[in-house]
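In case you want the letters, here they are:
There are 6 protein chains.
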Amino acid sequence: MTQPISRFPVPPRDGLPDDLRERFDAVEERSGFLPNVFAALSWRPAEAAAFFAMHDALMDKETAGLSKADRELIVVATSAANDCLYCVVAHGASARIRARDPHIADQVAVDWRKAPLDERMHAVLEVAVRLATDPAAVTAADLDRLRQHGLTEDDVWDVGAIVSFFALSNRLSHWAAIPPNAEFFLMGRVPRA
Amino acid sequence: MTQPISRFPVPPRDGLPDDLRERFDAVEERSGFLPNVFAALSWRPAEAAAFFAMHDALMDKETAGLSKADRELIVVATSAANDCLYCVVAHGASARIRARDPHIADQVAVDWRKAPLDERMHAVLEVAVRLATDPAAVTAADLDRLRQHGLTEDDVWDVGAIVSFFALSNRLSHWAAIPPNAEFFLMGRVPRA
Amino acid sequence: MTQPISRFPVPPRDGLPDDLRERFDAVEERSGFLPNVFAALSWRPAEAAAFFAMHDALMDKETAGLSKADRELIVVATSAANDCLYCVVAHGASARIRARDPHIADQVAVDWRKAPLDERMHAVLEVAVRLATDPAAVTAADLDRLRQHGLTEDDVWDVGAIVSFFALSNRLSHWAAIPPNAEFFLMGRVPRA
Amino acid sequence: MTQPISRFPVPPRDGLPDDLRERFDAVEERSGFLPNVFAALSWRPAEAAAFFAMHDALMDKETAGLSKADRELIVVATSAANDCLYCVVAHGASARIRARDPHIADQVAVDWRKAPLDERMHAVLEVAVRLATDPAAVTAADLDRLRQHGLTEDDVWDVGAIVSFFALSNRLSHWAAIPPNAEFFLMGRVPRA
Amino acid sequence: MTQPISRFPVPPRDGLPDDLRERFDAVEERSGFLPNVFAALSWRPAEAAAFFAMHDALMDKETAGLSKADRELIVVATSAANDCLYCVVAHGASARIRARDPHIADQVAVDWRKAPLDERMHAVLEVAVRLATDPAAVTAADLDRLRQHGLTEDDVWDVGAIVSFFALSNRLSHWAAIPPNAEFFLMGRVPRA
Amino acid sequence: MTQPISRFPVPPRDGLPDDLRERFDAVEERSGFLPNVFAALSWRPAEAAAFFAMHDALMDKETAGLSKADRELIVVATSAANDCLYCVVAHGASARIRARDPHIADQVAVDWRKAPLDERMHAVLEVAVRLATDPAAVTAADLDRLRQHGLTEDDVWDVGAIVSFFALSNRLSHWAAIPPNAEFFLMGRVPRA
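Residue numbers (our numbering), protein chains in the order written: chain X, 1 to 193; chain B, 1001 to 1193; chain D, 2001 to 2193; chain L, 3001 to 3193; chain Y, 4001 to 4193; chain P, 5001 to 5193.
By construction, these hints were calculated from the structure, which means they are not laboratory data. Beta carbons: idealized from backbone N, C-alpha and C, even for Gly. Please note that the accuracy of each hint is not assured.
[Stated by the list, open to error] Looking from chain X toward chain B, a few residues come up when the C-beta cut is under 10 Å (computed): (1) Pro11; (2) Glu29; (3) Gly32; (4) Phe33; (5) Val129; (6) Leu131; (7) Asn170.
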């Protein structure tokens, strides 16, 4: 069955404000398709602009303590805890590509505790899932443990900010019932010839 | 005991980018003080700009189906479900002022189900708290119930987007351990002379 | 909206047994108003007498290991865990007055883990909330930890007995839907001239 | 292994205040043994007196809408939800005797939903367990449903008050680790010759 | 009230395949009655055969690290966590008989944490209940702790396999609403003359 | 990283009893590889034989009310609720193949409530997940609802028995930490040429 992109109106692309339309065109050109979350948010241009600005500030970033792949896995683990299909599938695709590992997204989504990751990432995912599901239970000691694994102050902030941003994103996706684009399901699973 | 504004660095105001500094000055002039969340976010100007843009798009808005007071009460109810002191106290203050009711914020924070609100707002808060705490359990029927209470498509989106935005805000506040400013605790509780 | 004092009958004061009426008169004279829980319980004089006797045995008591303010904060933390508006607001007022701190009740009610209290009180509130919400998980080691913080056998008993008594009180308040008196909301928030 | 009666001091019977000692003697004469909860509470005579007064006001009572057996089954169901061995075993014994049914206490303790009881008692136990485990979720409609099953205002209050009283009793028993007397385990299980 | 043996058809014994009928006859001769789970499963002979084969492989076994009584107590603790009356009552009977202790089954069913067992069995029951209720939370360290208490590799496997088998058995009993036979309730409670 | 097949010993194939070894050879020939659960169970031949017998009795079956694809989706939904990677990945593969749908397994694993399935399957998955996660909450009315969607008595039993069997299987997989074979991840995702 084909599922609609959103429970709310999706305006035609050419009616969007110029900056948003140009952004969407650029994403579509790069990816080959426009991820549904862009289309679903586009009826609210101010929110969409803020949403993508915050996303990029947190996710388009590679540091010694927290690689792009690590950031995607934080999204996968916490979005799975929130049962968010869009984010698990779309960011699972990014995680597979960034980590060059066809299995890691499924492993982290279903059971991050047994996923074949190093101790640093186990510590990151443990506190990330805690912040996602029981935020008041996060303590100063939890943040210290991340610093002991070599994360800088910026990295530690990013862990919390990524979890927080996807707490928003997961809920908007549930609220509007945004399905993942079909393309995401297979990305990063098949070795390139 | 005095508590720090954040677990992360808080830069001096005059080192901020111009647009952010001007925004902070304006808020401070209007309110008489700068809410701690501004100071705590200011070491990340891009995230701060996006955060406040999204906040204002959702909260500085009055519609027939969802008043400013109603929006603040959604924040209070869901932030209480997330045990977020900053948001309960700061938005509790706004809720008291917007609703011109010195008790409503405490009533909604502790036990929204018995709060003296109309059926529309009970329906709004029920689904808002569900989206905050168990997002996958929200169904299309939940959104329909809001429409039956007179909310427009825009209002229904706003309910979900406000809950989602404060899912982010609550978690950032927990992560950085941002305390509410002392001024918020009493605002709207004492009748003006 | 005005809310009734109880879902059950509230008899006129002058029909009460003498000892109960005298007690109520004394409380009203001291406080300036009669807390609603007195009126709500008065249709059951035997239960009311037992209720207030147990309350006073546990709460009108100041020891080196557990002050009156500490006792009120145990009530606030566990009543918040039970979403009991009456107890959070009425005992929040007492906590503010006893602790001479206008913020501590809100801090403890919403997020006791980050409240600016000493290690002893953090240990007390941790086990108090555990007993309130998951009583079988309390172990002998939990009680030992309180002793290590200087609580006597009597103090340790009191922690458990206060939590237990308000497990009763919170549930009766929910069952009868007893609202806090308007006076409680502001008590202890405004510095006396 | 023999388990102590309490984690707290248990004073010798002849050092108790006269009224308490007489009460204990009478109970022991009637039952053939002194239930451990009496001994465990006796180091706090004021609390003990209030405790037993409230207990008797709620439990020594037979009405058309709520028999003594029904009251004991409320205790069994909610004490099982709180994992309280003392109350499940001691009040399970009373329930078997009052209901003249050797199986009903185990059936209600482990799975009240499938216990062979009438619709009225299923409604009573459903709301009783809700009040015990998630008190804010109890609504006015829950109380109305009990009225529709023929419970009077007094009976409805009693349901809530019994649950509330045993919320206290279960937690005290956990806190002091009071074991049930050996006698209770078999009472009401074997048909009298 | 008499309760049916199952929500599904129960075929007459003499219509069963020979091997199943012989097995049932043997059990009935040994126990004096046919446990209801046999009758309830008999309409599905292949599943019944596999069910009893797996049961016996795990339960009819006595090792230095895990006696028959220990195995029955694992069943009692985890079946109680799953609110399964059939298994709590039937295996509670076996546990009383195997352990020659008339109280241990009730103690473990209601509050295994305070049950008078040695440290080894406390460690076993803690991880058993975790596997029953939150299986992803079991870690390699949990299994190591059992080895440190002297369990062999075979014993450790058996702990997990018994919990797993009764996760199945508890759910089938709920699904078919299988009541325990009346005989089980009293078995092992009364000292033999 | 390569993960071992089990936390417990895995015997060489040629040391297995004949019937088990022949079964394994047949599975390997049909699938092209031996699923790890076979190898992990093989050190316990009696349990393994019973396990596969029960599996096949429930899963190798196609009825008008419950197709093979439907049965696999029950496994996927409940195994995801139990965070069992092995079962989600292995039976997700079967579900994709049986349903000839490359997306359905991920949709059901992450958020079965929004999966594009008919009302019958939504009813099946709702009660299946309830039996998996809160078995005492399943009522006779839940089974009736399945009958109203056209399931026969045999189909209704199968729903419960499949959930029950995988409650066992999920826990054994967690206990032994059995990883899915690499082959399963991609099966049924790529259209055959």
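Here is how each hint holds up against the structure:
1. Pro11: violated, 12 Å
2. Glu29: violated, 24 Å
3. Gly32: Since the shortest Cβ distance to chain B is 27 Å, the answer is violated.
4. Phe33: Violated - the Cβ of phenylalanine 33 of chain X stays beyond 10 Å from chain B, reaching only about 24 Å at its closest.
5. Val129: Constraint on valine 129 of chain X not satisfied, violated at 12 Å.
6. Leu131: Holds, about 6 Å.
7. Asn170: The hint holds - asparagine 170 of chain X has a Cβ within 10 Å of chain B, the shortest such distance being about 6 Å.
This entry does not satisfy hints 1, 2, 3, 4, 5, going by the numbered hints stated previously.
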